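For reference, the chains in residue letters:
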Amino acid sequence: MKNSIPLRLHVPEPPARPGQAPDFSWVKLPKVGSVSRPDIGTDPHDMREHAYTMIRVLEDDGTAVGPWDPKLDPETLRRGLRMMMLTRAYDDRMARAQRQGKTSFYMRCTGEEAVGVAQAMALDDRDMTFPTYRQQGLLITRGWPLVDMMNQVFSNSRDRLKGRQMPIMYSSKAAAFFSISGNLATQFPQAVGWAMASAIKHDTRIAAGWIGEGATAEGDFHHACTFASVYRAPVILNIVNNQYAISSFQGIAGGERTTFAARARGYGLPALRVDGNDFLAVYAATSWAVERARSNRGATLIELFTYRASAHSSSDDPSKYRPADEPSHWPLGDPIERLQKHLTALGEGSDERHTRLAEEVKEEVRAAMREAESYGTLGTGEHHSPATMFDDVFKEMPWHLRRQRQELGF
Amino acid sequence: MVQALNSAMDVMLARDQNVVVFGEDVGYFGGVFRCTEGLQRKYGPERAFDTPIAEAGILATAVGMGAYGLRPVVEIQFADYIYPATDQLISEAARLRYRSAGEFTAPITVRAPCGGGIFGGQTHSQSPEAIFTHVCGLKTVMPSNPYDAKGLLISSIEDDDPVIFLEPKRLYNGPFDGHYERPVTPWSEHPAGEVPEGHYTVPLGKAAVVRPGDDVTVLAYGTMVYVALAAVAESGIDAEVIDLRTLLPLDIDTIVDSVAKTGRCVIVHEATRTSGFGAELSALVHENCFFKLEAPIVRVTGWDTPYPHSLEWDYFPGPKRVAEGLRRAMEG
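Protein sequences, first through last, are from chains A and B.
Mapping of the first sequence onto the working numbering: residues 1 to 410, in sequence order.
Mapping of the second sequence onto the working numbering: residues 1 to 332, in sequence order.
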């Protein structure tokens with residue numbers, strides 16, 4: 001053998017671990033407003049750069065620039081801000097409720113609010129969504145009652161899911177929000193299937209699916225992209241790259257050598273890589289994909305480049321694997337603060353108005369909390385009867401489940 | 001039987017605009033076993049189409065379509081190929097009604113040819129039915145003749161829960177009784193080969209007593225029904241042969257009534273023995289008929305090995321082994 005150098009395995013390591021200085025020098029940001037906005041009919045092969053660059057609209061000073069500026073009216077912007085702030089206030093309260101022992105588990109989307117909120121606003125309310133566990137902003141933006149969400153988190157007597165699902169695994173057919181699964185990535189190809197069905201029925205509604213950058217490593221991601229491409233399904237495939245899959249940085253999922261948006265290129269799908277903390281950029285990119293899907297031009301893969309500012313879940317402690325002060329060094333800031341700055345720059349917002357809004361949404365959450373708690377929390381109050389455990393396994397209960405229900409004493 | 005299955009899908013595609021049929025090679029070509037032949041020509045490529053080779057993708061898109069309101073009928077080319085789809089089947093399709101408290105359902109029928117005897121080796125011969133009966137939320141069906149195949153498939157497609165519909169491929173052309181050295185009688189010469197045109201159903205969860213008898217009960221399904229009948233004829237034992245037809249939900253009453261009468265029970269399946277469906281049947285017979293039993297329950301099954309290509313007839317639980325099982329049950 002001519003070459004006898006010992007082989008070595010490369011195991012990706014993040015730029016900084018606990019105790020080290022946070023390092024985001026690897027994040028390459030193009031100039032705000034510099035990325036072109038292709039026509040929706042553009043051949044994916046002619047928009048290569050969009051898979052590697054980053055669509056950004058909001059400048060540091062709060063002004064909006066470039067071809068992707070969706071030029072939303074102040075009313076819409078204020079609604080977006082309100083929904084993001086409501087989502088954060090809801091998360092804060094629910095996380096506290098978990099610490100108070102009112103539920104077993106919680107997951108916040110802190111820092112990622114623009115994803116659920118701006119995307120819900122760019123979609124039609126009747127478009128079907130197949131979310132992960134971190135898009136509570138979709139439900140909130142669609143006006144789904146906070147009380148109903150809390151009932152689910154508390155598994156109380158009004159929980160429509162009868163206490164069967166872990167907290168935050170909402171389901172709402174009325175809000176076109178698919179039942180959340182704890183098995184990652186499964187919803188991604190399901191979104192494609194729903195979109196295929198809509199096309200088969202010559203409907204006008206489209207579908208959208210979400211997946212974390214970590215779960216793109218699952219086979220279901222590949223199935224979703226393949227089927228979406230083959231059948232030109234009217235679906236938007238969103239990768240929320242929040243840099244972490246629990247403790248594993250995005251390099252473990254394959255983000256070290258290329259972008260997640262670039263995955264689309266092998267399937268012949270158009271890709272948009274977007275500053276996920278830029279409300280306007282998220283809204284604009286989603287609208288582009290919506291228009292493309294609605295006009296029978298097929299699917300778009302969007303990478304929403306964001307940062308999980310909080311823990312993975314209430315069971316996680318990020319200081320064990322990343323620098324404790326890393327969140328404050330994230331170069332793309334906070335989506336809420338950035339939209340507030342934009343409104344202020346437009347003369348449509350002010351610190352005072354935003355403080356008042358923060359109080360308003362807090363009160364809205366507080367009121368919902370009072371009502372939800374009156375229906376019980378995980379440890380207290382009324383709950384669904386154990387007899388209901390045997391319902392809905394099948395449409396009609398077979399004999400063996402009836403016997404087991406009797407065995408339990410019902 | 002192939003024509004019967006084809007007719008069931010044809011009937012349902014015509015009756016219900018929400019029925020769609022898809023899978024690998026099922027569209028233009030009509031399936032490697034020809035079960036979907038002509039459906040694309042008749043109903044167009046939006047209702048009967050080919051898919052990429054991705055069983056998980058097939059099941060996942062079916063779940064999404066089910067959530068939309070369609071009634072997908074998907075073909076997994078061989079039951080042996082179903083494993084990549086198990087996450088979508090077990091964690092998604094089977095649990096969707098439960099986890100959403102009935103908001104979303106997965107009215108999917110998964111057709112898959114199963115069983116050996118075609119020199120398919122270990123990857124074209126398996127009988128994985130027990131895996132699916134172990135999953136709460138799935139129904140598991142295995143027909144043994146053309147009349148039942150059509151009626152059960154229509155019931156499965158009309159069912160609002162996901163159904164695993166296993167088709168013993170050795171029965172596609174005739175009632176194969178395990179005598180591989182003899183030619184198979186075609187279905188056209190068998191009474192159960194008579195299949196009415198149009199819509200009819202055979203209900204899920206109902207077994208059929210295919211041969212009444214007094215001495216011993218034989219529980220079988222799929223190909224093993226004919227193997228058992230041959231074994232009964234050759235052994236001269238007056239056995240009652242029950243074709244379970246649906247494994248879940250199981251027709252427990254028919255089983256209990258029969259074993260209570262005969263006091264003996266032989267369970268026959270082609271699948272491997274350990275943790276096979278026979279283990280569940282044995283436990284149920286034990287729990288429900290213990291004081292009527294006059295002999296230990298006997299299982300005649302495939303061996304706990306992969307299905308060997310050139311040795312498949314040594315693996316297959318043929319009439320000779322079933323007859324031995326019957327004698328053991330009579331002596332016990």
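FYI, nobody ran anything at the bench for these hints, they're computed from the structure.
Incorrect hints may have been included.
As the list claims (entries may be wrong) - Now the stretches of chain B that chain A is said to cover, found in silico as 3 or more residues with beta-carbon under 8 Å: (1) 57 to 63; (2) 89 to 102; (3) 244 to 253.
As the list claims (entries may be wrong) - SDA-like, lysine to any residue: derived pairs with alpha carbons at most 25 Å apart: (4) A:LYS201 <-> B:GLU331; (5) B:LYS292 <-> A:GLU407; (6) A:LYS28 <-> A:ASN3; (7) B:LYS320 <-> B:GLU331; (8) A:LYS395 <-> B:ARG41; (9) A:LYS28 <-> A:TYR321; (10) A:LYS395 <-> B:GLU331; (11) A:LYS28 <-> A:GLU407; (12) A:LYS201 <-> B:ARG41.
Computed from a prediction, not measured in an experiment: that's the story for all the values here.
For every residue, glycine included, the Cβ atom is placed at its ideal position computed from N, Cα and C.
Here's how the hints hold up against the structure:
no.: 1; hint: 57 to 63; in the structure: holds (count 5)
no.: 2; hint: 89 to 102; in the structure: holds (count 9)
no.: 3; hint: 244 to 253; in the structure: holds (count 4)
no.: 4; hint: A:LYS201 <-> B:GLU331; in the structure: violated (62 Å)
no.: 5; hint: B:LYS292 <-> A:GLU407; in the structure: holds (23 Å)
no.: 6; hint: A:LYS28 <-> A:ASN3; in the structure: violated (37 Å)
no.: 7; hint: B:LYS320 <-> B:GLU331; in the structure: holds (17 Å)
no.: 8; hint: A:LYS395 <-> B:ARG41; in the structure: violated (34 Å)
no.: 9; hint: A:LYS28 <-> A:TYR321; in the structure: holds (23 Å)
no.: 10; hint: A:LYS395 <-> B:GLU331; in the structure: violated (44 Å)
no.: 11; hint: A:LYS28 <-> A:GLU407; in the structure: violated (62 Å)
no.: 12; hint: A:LYS201 <-> B:ARG41; in the structure: holds (18 Å)
The structure fails to meet hints 4, 6, 8, 10, 11 from the earlier list, while all remaining hints are met.
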